[in-house]
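Colleague: Whenever a hint applies, use it, and build me the whole structure from the sequences.
What follows is each chain in one-letter form.
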Amino acid sequence: DAGITQSPRYKITETGRQVTLMCHQTWSHSYMFWYRQDLGHGLRLIYYSAAADITDKGEVPDGYVVSRSKTENFPLTLESATRSQTSVYFCASSAYRDTEAFFGQGTRLTVV
Amino acid sequence: AQSVTQPDIHITVSEGASLELRCNYSYGATPYLFWYVQSPGQGLQLLLKYFSGDTLVQGIKGFEAEFKRSQSSFNLRKPSVHWSDAAEYFCAVGYGGATNKLIFGTGTLLAVQP
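Sequences listed follow chains W and S, in order.
Mapping to my numbering: the first sequence position 12 is 12, numbers consecutive.
Mapping to my numbering: the second sequence position 39 is 39, numbers consecutive.
None of these hints come from the bench; they were simulated from the model.
Even for Gly, the Cβ is constructed at its ideal location relative to N, Cα and C.
Mixed in with the good hints there might be a few duds.
[Said to hold, decoys possible] Examples of chain W residues lying across from chain S (beta carbon under 8 Å, computed):
| # | residue |
| --- | --- |
| 1 | H41 |
| 2 | L45 |
| 3 | F90 |
| 4 | T99 |
| 5 | A101 |
| 6 | F103 |
| 7 | G106 |
[Unchecked claim] Residues from chain S that keep clear of chain W, each with C-beta distances beyond 10 Å, as calculated:
| # | residue |
| --- | --- |
| 8 | Y25 |
| 9 | T30 |
| 10 | T55 |
| 11 | K61 |
| 12 | S70 |
| 13 | Q71 |
| 14 | N75 |
| 15 | V81 |
| 16 | S84 |
| 17 | A111 |
Modeller: Have a look at this one:
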């Protein structure tokens, strides 16, 4: 199906473990984004990518790593998960810098 | 620094009543402004956007928003609310002149009473 999909939808992991959240889009959009959603903060930008092999930090990048070897995929890795990274993570994509962003369904991550 | 403020955390309206959700932004130049809606357990869906031109913007599901530069506001309105409108609503501004990199407000949770 066309669109933007995130996997897994739900994940529980332990403190200190590495976890990777996947994001895949079928539109060949140039831009991709990762946001986290926390109560009282709305959504905050973690990292974004303007094209394959081009990534940049957002508002809250600490503790996260991204890569973009292919246009359609933008995985987000928590190298050593902490409880403060318990959140709902949203991936988004947009065709160009001056077009709107489309969001995935989100991944609810719980770090215990 | 750019910011978005949604002063109402939680609003309850009766079905059929009118609705206005407030949004104020801070940005030096003409902003790109958005309203998104998030239903429980779902992703974000774009309701409407303002890039330039007519300051009254029509969106999906019967929503509209008005850009008021003098008040730095972009309030969302609907003349008659339906029970299915119960959701969380987010106002956002494009960061640094971009339309796709967004700064979000903290959201307003809308409850609809029968």
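Colleague: Each hint should be assessed against the structure and marked as holding or not.
Modeller: Hint check results:
1. Given the 8 Å rule on beta carbons, the hint for W/H41 holds: about 6 Å separates it from the nearest Cβ of chain S.
2. Annotation: interface hint on W/L45 holds; nearest CB of chain S at approximately 7 Å, less than 8 Å.
3. Interface hint at W/F90: satisfied, since its Cβ lies 6 Å from the closest Cβ of chain S, which is below the 8 Å cut-off.
4. For W/T99, the interface hint holds, the least distance from its beta-carbon to any beta-carbon of chain S being 6 Å, beneath 8 Å.
5. Restraint check, W/A101 versus chain S: the minimum CB separation of about 5 Å is within 8 Å; hint holds.
6. Evaluation of the W/F103 hint against chain S yields a held restraint, the C-beta minimum of about 4 Å falling below 8 Å.
7. At about 6 Å, the closest approach between the beta carbon of W/G106 and any beta carbon in chain S falls short of 8 Å, and the interface hint on this residue holds.
8. S/Y25, annotated as away from the interface, keeps every beta carbon of chain W farther than 10 Å; the closest lies near 13 Å.
9. With a minimum CB-CB distance of about 13 Å to chain W, S/T30 clears the 10 Å threshold, and the non-interface call stands.
10. With a least CB separation of 18 Å from chain W, S/T55 remains clear of the 10 Å interface cut-off, as annotated.
11. Its beta-carbon lying about 16 Å from the closest one in chain W, S/K61 satisfies the requirement of being farther than 10 Å from that chain.
12. Against chain W, the non-interface label of S/S70 holds: every CB pair exceeds 10 Å, the least being about 25 Å.
13. No Cβ of chain W approaches the Cβ of S/Q71 within 10 Å, the least distance being about 21 Å, so the stated non-interface status holds.
14. With a least beta-carbon separation of about 17 Å from chain W, S/N75 lies farther than 10 Å from that chain, consistent with its non-interface assignment.
15. Its beta-carbon lying about 22 Å from the closest one in chain W, S/V81 satisfies the requirement of being farther than 10 Å from that chain.
16. Every beta carbon of chain W lies more than 10 Å from that of S/S84, the smallest distance being close to 19 Å; the non-interface claim holds.
17. Under the 10 Å C-beta cut-off, the non-interface status given to S/A111 relative to chain W holds; the minimum distance is some 16 Å.
The structure shown violates none of the earlier numbered hints.
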